[in-house]
Amino acid sequence: MKLTLPLGLLTLIGIHLLFLFCGYIAPYDEAQQDRMAAFAPPTKVHLARSYPYIYVCAWNAHETDSGYDEDCSQKFAVHLFVNGGDSHLFGVASPGRISLFGTDGLGRDQFSRFLFGARLSLFAGILATFLALLLGTLIGMTAGFYGSFVDSTLMRFAELFLALPWIYLLLAVRAFLPLHLSPIQTFFLLVVIIGAIGWARPARLVRGIVLSGKERNFVLAAKNLGASNGYILRRHILPQVYGVVLAQAALLVPQYVLAEITLSFLGLGVGEPAASLGNLLGELQQYHVISSYWWMFLPGIALLLIFFSYFVMANALQRRLKFIAV
Amino acid sequence: MFRITWVRHVFILAVLAAAQSLWAADAAQPVRPGEDVAVSTAESGKFGGRLSIALRSEPKTFNPVTLVDGSSREITGRLHADLLHINRASQQTEPALAKSWKVSKDGLTYTVALRHGIRFSDGVPFDADDVVFSFQVYLDEKVHSPQRDLLVVNDKPIVVKKLDQYTVAFQLAQPYAAAERLFDNIAILPKHLLAKAYEQGKIGESWNISAHPAEMAGLGPFRLKEYLPGQRVTLERNPYYWKTNKEKKRLPYLDEMTFLFVPSEDAQIIRFQSGDTDVISRISADNFALLERDQQSRGLHMVDLGPGLEFNFLFFNLNSVVPKSANTLAAKQQVFRQVAFRQAVSAAIDRDAIIKLVYRGRGTALVTQVTPANKLWRNDKIVLQKRSVDRAKDILRRANFTWKPDGTLLSPSGSPVEFTILSSASNAQRTQMATIIQQDLKDIGITVQVVPMEFRALLDRVFQSHDYEAAVLALGGGDVDPNPQMNVWVEDGSNHMWDLGETKPATPWEAEIDSLMKKQLSTLKVADRKKLYDRVQQLVADNLPLICLASPNILVGAKNKVGNFNPSILDPYVLWNSEELFIR
Amino acid sequence: MRFLLNRLIHAIFLLFGVSLLSFLLLSLAPGDYLSEMQLNPQISPETVAALRHQYNLDRPIPVRYSHWVAAAVKGDLGFSFAYNVPVTKLLSSRILNTLLLTIPATILAWIIAIAVGVISAAKQGRWEDQVASAGTTTLLITPDILIALVFLWVALRSGYFPVGGMVSVGFDELTATQKLRDITLHAAIPITILVLSIIPVLIRHVRATMIEALHSPFVRAARAHGIPRSRLLLRHVFPAAANPLVSLFGLSIANLLGVGLITEVVMSWPGMGPLLLESVQARDLYVVIGAILISAFVLQTGIFVSDLLLLACDPRIRKGAR
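Protein chains in written order, with the numbering used here: chain A, 7 to 332; chain B, 581 to 1164; chain C, 17 to 338.
Chain A with its partners taken away, still in its complex shape (with noise of 0.2 Å):
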């Protein structure tokens, strides 16, 4: 049990690595067309005898067929670490294409799809929590120490933010966002947009602990001594908020990348050509895709690996702090 917290660590840390280098892993742009192999399904691999080497065959579009044949007359080695023009962690020779995850419908590689999608879905989550939380301990923390006015004003506007079903606020501060702008413009936006309606839970949790924190005897002392506001606030406030903040971020990253993929579902997220894991499951909304192919599941399935982690870390953070608290 007690391996749990560095475990799920070091996996979170890897997950995170593996999208943060997606440029490399992904054999192909997120962005890249293969226009003769669009929906096709996931290449099947290979294997020639006990070989490491594995051999994938090239795909055929049949005209009378939705379906694609493998053209058995040429085989495409796997190469590892290929180095031709751009470094790929994997990759195979020019006219073979390999698609782990199958195509999409302009015949883009769904596992490089997926990759850079999940690369900006997470730093849209994590990058909003972190603005969230810096919201929520920046205004608790003022909250909490100053009391009186300040407080009651805050947290009534916080009240506010809570006031709403998060999905309705979304949508509604989405709505009167300008729609104008390039994926990169966009991703930030949705940052600013979740982050900005997130602050509130945090704030009131940091003004909890800021409030009994400041009754503590030796911020009273340091109190009596003569010691600065900003000191105090500094000094003793704050390290007692870390563990928290810490263990809240660890919830509200999943919350927050959930999010984005669910307004990038609905189709008010990050657009085209960029990936998202959201526009990745909205293909699914189409009904000729959801019924007609069944690898498109595939980022989605893949996703629940990421909450896992998540998850883990979460529960192992939450479980310590009680620990500490006890």
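Hint data in this document are derived by calculation from the structure and do not stem from the laboratory. Every residue, glycine too, gets a C-beta built ideally from N, C-alpha and C. Don't take each hint at face value.
[As the list claims (entries may be wrong)] Sample of chain C residues facing chain B (criterion: CB under 10 Å; computed from the structure): (1) ALA66; (2) PRO102; (3) SER109; (4) ASN113; (5) VAL179; (6) PHE187; (7) SER284; (8) PRO290; (9) LEU291.
[What the hints assert, rightly or not] Residues on chain A that point at chain C, a partial pick, calculated with CB under 10 Å: (10) LEU166; (11) VAL263; (12) PHE313.
[Unchecked claim] Which bits of chain A does chain B cover? Going by a derived footprint, with three or more residues having C-beta under 8 Å, they are: (13) 106 to 113; (14) 284 to 293.
The hints should help you fit chains B and C onto chain A, whose structure is shown.
Okay, now just chains B and C, sitting in the frame of chain A:
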């Protein structure tokens, strides 16, 4: 509580035969002597039954005078009739409420003889007063009817005169090509129901969606029975309809018609496949393929009607007045304004890929705004050249564009060429097109951003603020004739979208298009008009104010049991002959 | 009483703030409902301008807001441009449809959650508990979008359940029992999705509070008195654990409108979700504000109800409130 399904409970009817007078109003009325009915030439079918169809959105109104949205039009189109009608199958005008019409030699006066003895769906007789009243309403500036714009020729409205109880004369201020086509879709209103509202200035609010069916009447094959917000609209047969089948039995065949509200295409497909709806139109090629695959086992009949009139196009912002906030736009416009640049973009676009990926082969690559469906007006001399990156680069090189070592295209003034294409987020196909164009233009060194945005916001940028660089849009056509597209091509037209709100043409070719379009409007001979419009197409193909991309095929389907299913490439694709449709 | 009154005044101010906020945000958005008309070649710009005037869209925001507030106080939430009907009328039918999904789903989820939670708390660490916790963890990490999509796929594949909409075409002609059956069949899949997305959090809470109660001194004492295990669980431990669950129940009520949004969109159920999405995209201003306002109202009601319940079942709070 007595809701009776005609088919299932015939025996109840027998029991209730004594009370038959109660139903008399609902059953089709026998044809009376002296009634000028029209006779349908379609196959004779079986009376009774119900047809259901899905609509993408709810109707906004049942008022044919003020409606602007497709769903309302789809429904009210079944409730009303026009004087002269464009037959959706033959694409020619034919008499509807008018028995016949005559054009004076100068082409300025249309004398229309109305059918005798026909009645509105509430049983009240129809005559010239209704026609005069209807046009009075449509032409009234205070009513703001969208149809008014068509009826006002060169700022002078059409003058409507009653000659006798069954004859009406229409006078135009100047000769107007194919003027009889104007009458299509102008619903004739019942004066006895609407005169009061009109006098009070409330015509716009009457017949809204909360109006009671008894307040409404029309001359169409059906009348309103019930509207359940969020769920459906039900129409029932108009027992006084003025068309009969070959056996002199009064149409329509169907007892009822139900419009269900199913917001997305995917949900519509599911409901069609599960048998909830009987006919379907406006579907994507992907879904069409899916339905076609098992049409045999499900008893469906899917039809690819070939190209329609819709054309998708890419265009650049050439407005002379652009917002100051868009500071980079003015510089980019220097590039956009060069014909060579637009030609190179056009040459670099892989239209075949659009057909293949977006339409799964069910579409046509376009070189002008006239699709192959429009055989009458298409200029066949203009041919589409195959995509060629080399040709595109050649054109650019000759226009003094250069390339950086990394392949980035530089404008003659030395700045990198890049722009943003807006597309409608709700239209997956157009966004796909933009994504394909993005990839294509990379090959000639142009960096393109694709920004799918909410449709209304997009239109706001194109039409109001002019704050955009390029966009992909589509224009459809209810008619093959060039006249409804006047406002796209004349210089001050409200849909002259690449350069709006200006009265003076910026270039000689724009001036020429402007004058050609105006000239064809007052030319009466079709061959002469065709020559003028051929030239317009040539100018569009050469100068590319709109870079036409592709036209999707019209894909429709129906259950096998729907008789007289005769879809058309003109809107409304499947319901235009609703009076002749029947359930086998 | 003062406590309740305070809460009420608070809630009113909150609703006012929410309306102001949403009105501002949406009014600042580019484009309005009438923009789309401009693409219709048959409509002149003058016509569009006149319509814009008719709908007050050309007036400054403060004027529009004050008009709106004055009407809202009387229960008139404005007019839907897209549907041409009063917002209240439009929303009320949609809310009903949403509740038709969420209320049965919430009740079902609570029943299952209490059963599973109590069992796994009683059998803490045994295989029953482990199976339950594996299940809840799986559900917890699966986004409801994915759950909804998977069930959509299942429904399409199996063909046993109607997909999309709430009723079949010939609904009016059915007898009462057939109608019930029809709606139930249509609602089955959406309710299942909802239950699965609500349930893991509930189970975890029930289990945790039960375990906490099980380990409290009075239970140990009761056990020492020889009270049978089942009686102990149901008569003594469960009521003691009910307290935190009551506030959770209030939250469940508060979420009745919001929780089904994704499910409704995916399964095209004619509830609030699809309407809200459509209205946001169509800039149907008053519908969006109305929807936000009503959902905020429901949320406040939920919190209020949980306060009341807490007041009713926990004597300590009752004392404190006076």
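Each hint tested on the structure:
no., hint, in the structure
1, ALA66, "5 Å, holds"
2, PRO102, "9 Å, holds"
3, SER109, "5 Å, holds"
4, ASN113, "7 Å, holds"
5, VAL179, "5 Å, holds"
6, PHE187, "8 Å, holds"
7, SER284, "4 Å, holds"
8, PRO290, "6 Å, holds"
9, LEU291, "8 Å, holds"
10, LEU166, "5 Å, holds"
11, VAL263, "9 Å, holds"
12, PHE313, "4 Å, holds"
13, 106 to 113, "holds (count 3)"
14, 284 to 293, "holds (count 3)"
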